[in-house]
Structure formats: structure tokens, C-alpha cells
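**Q** One letter stands for each residue in the lines below.
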Amino acid sequence: GQQVMQIPQYQHVQEGEDFTTYCNSSTTLSNIQWYKQRPGGHPVFLIQLVKSGEVKKQKRLTFQFGEAKKNSSLHITATQTTDVGTYFCAGPHKNSNYQLIWGAGTKLIIKP
Amino acid sequence: NAGVTQTPKFQVLKTGQSMTLQCAQDMNHEYMSWYRQDPGMGLRLIHYSVGAGITDQGEVPNGYNVSRSTTEDFPLRLLSAAPSQTSVYFCASSSSPVSSYNEQFFGPGTRLTVL
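If you're matching them up, the sequences are chains A and B in order.
Heads up: the first sequence is residues 8 to 119, going by my numbering.
Heads up: the second sequence is residues 7 to 121, going by my numbering.
For the record, the hints were derived by calculation from the structure and aren't laboratory data.
Any given hint might turn out to be false.
To be verified - Straight-line distance between alpha carbons at most 20 Å, and here's what the computed SDA-like set of lysine to any residue pairs gives:
hint: 1; chain 1: A; residue 1: Lys101; chain 2: B; residue 2: Glu109
hint: 2; chain 1: A; residue 1: Lys43; chain 2: B; residue 2: Phe111
hint: 3; chain 1: A; residue 1: Lys43; chain 2: B; residue 2: Glu109
hint: 4; chain 1: A; residue 1: Lys101; chain 2: A; residue 2: Asn78
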């Protein structure tokens, strides 16, 4: 079945270092969404990408959608403690207008 | 606006018991969904609704029922709880289908343990 793979599962960084998570879909996606979930919290929408090759920035966060619309990445520059959490990507099911397929998430951990 | 609310926040059940997880939203969203989240996995869709009176199964519907009598409410029923249903359950709503601009708003979640 359709899958969205997300790597790495965990990333440990020193505060101030950069962080990147990658998302790869088994099928072409019409769009891709990114969410952040703080520890003990609920997913919160960050952004949706729609166009092939699209790049969007939100302050220190840069989101990219691949040319083939099968992969995406989220890059955080100079991480801060407020960035801690798990970042998920999600894309529409190829046969449904109502179902999202989610990646397993990448957990950002700041080393003490 | 309260957004999406869920009750209870925590629940412990014994195997075979039934219960209803409540979800309500005050944003007049047509689309509502129930997900479960297990460690190391992404969110998995249990059931969803595209409007009052219309529901459908998601990826993991077995053991769960839903109904949608109003736009605001979308309860999830566990018919006969099993330890495999130990999970965190999230309700979400959105104003449009996932194929278009689709920001999903999530409730705070219900942490369910089945003994």
C-alpha cells in the first residue's frame, strides 16, 4: 500500500546546530503537509506545500517539495530549545480526498 | 473559540469494557477524523466524517464505531476494549478535504490504557 517514509527517527543536536528531516512517498503527492508535536502535546499544522520544487520559509524553518512531488524536507537553522518535539509529514491518500498518510515522525532532541 | 475539545484526557479500561471518547469542534468544520498514535508510528486514521450523517472507515477501523449527528460532535465508541487499543487518540477537524488546502486542527488527545 501507499507509504510515507520519514528519516531519521531521532536526531540529537546541540543547541545552535541545524536539523533536517526527510520525507519520501511511494507515490506522487498532490500536496504535502508538515506538523509539529511538542512532548505530551498534539500535532500542530506548520505548512502545506503544493507546487513541484516549492520552497517556503518560516523564520528559521525551510520547507522543500521535490520536483517529482514524491519527497520533501524540513530544515531548521540554529536550533533552539523551543524547537524540541516531533516533526511529521503527511500526504493525501492516492485514492481518497479525505485520508492523509502520515510519516512516523522525526524527534528533535537537544543535547544538554 | 475553544477549537477542538476532547474528553476524557485519560482513561483506564478493563478488557471487554466499552466506552465513548467525546470530540467537539466550534469552527463549523465539515471534515472530522479520529486518529490513533502509537510509539514509533505516525498517526493512523480510524474513521472520518465529511459532514453530519456521513462517516466512513479509515485505515484501522476494527473495534471502533462512530456517528455524526451534528456538525459539532464526532464521538468514537470502543465496543469491547482490547489491550491492542491502548494508545493515544486524537480527534481532528478541517474546513476542506485533504486534496485541497487542508489545515487540520487537533484536539488535546485522550490517553487510553486497556488492562
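**Q** All the hints need checking, so say for each whether the structure fits it.
**A** Going through the hints against the structure:
This hinted pair checks out: A/Lys101 and B/Glu109 have alpha carbons roughly 18 Å apart, not beyond 20 Å. Between A/Lys43 and B/Phe111, the direct Cα distance comes to roughly 12 Å. Compliance with the 20 Å bound is thereby established for this hinted pair. As the CA atoms of A/Lys43 and B/Glu109 are separated by approximately 13 Å, the hinted pair is consistent with the 20 Å bound. The hinted pair formed by A/Lys101 and A/Asn78 meets the criterion: a straight-line CA distance of about 15 Å does not exceed 20 Å.
Of the numbered hints stated above, none is contradicted by the structure.
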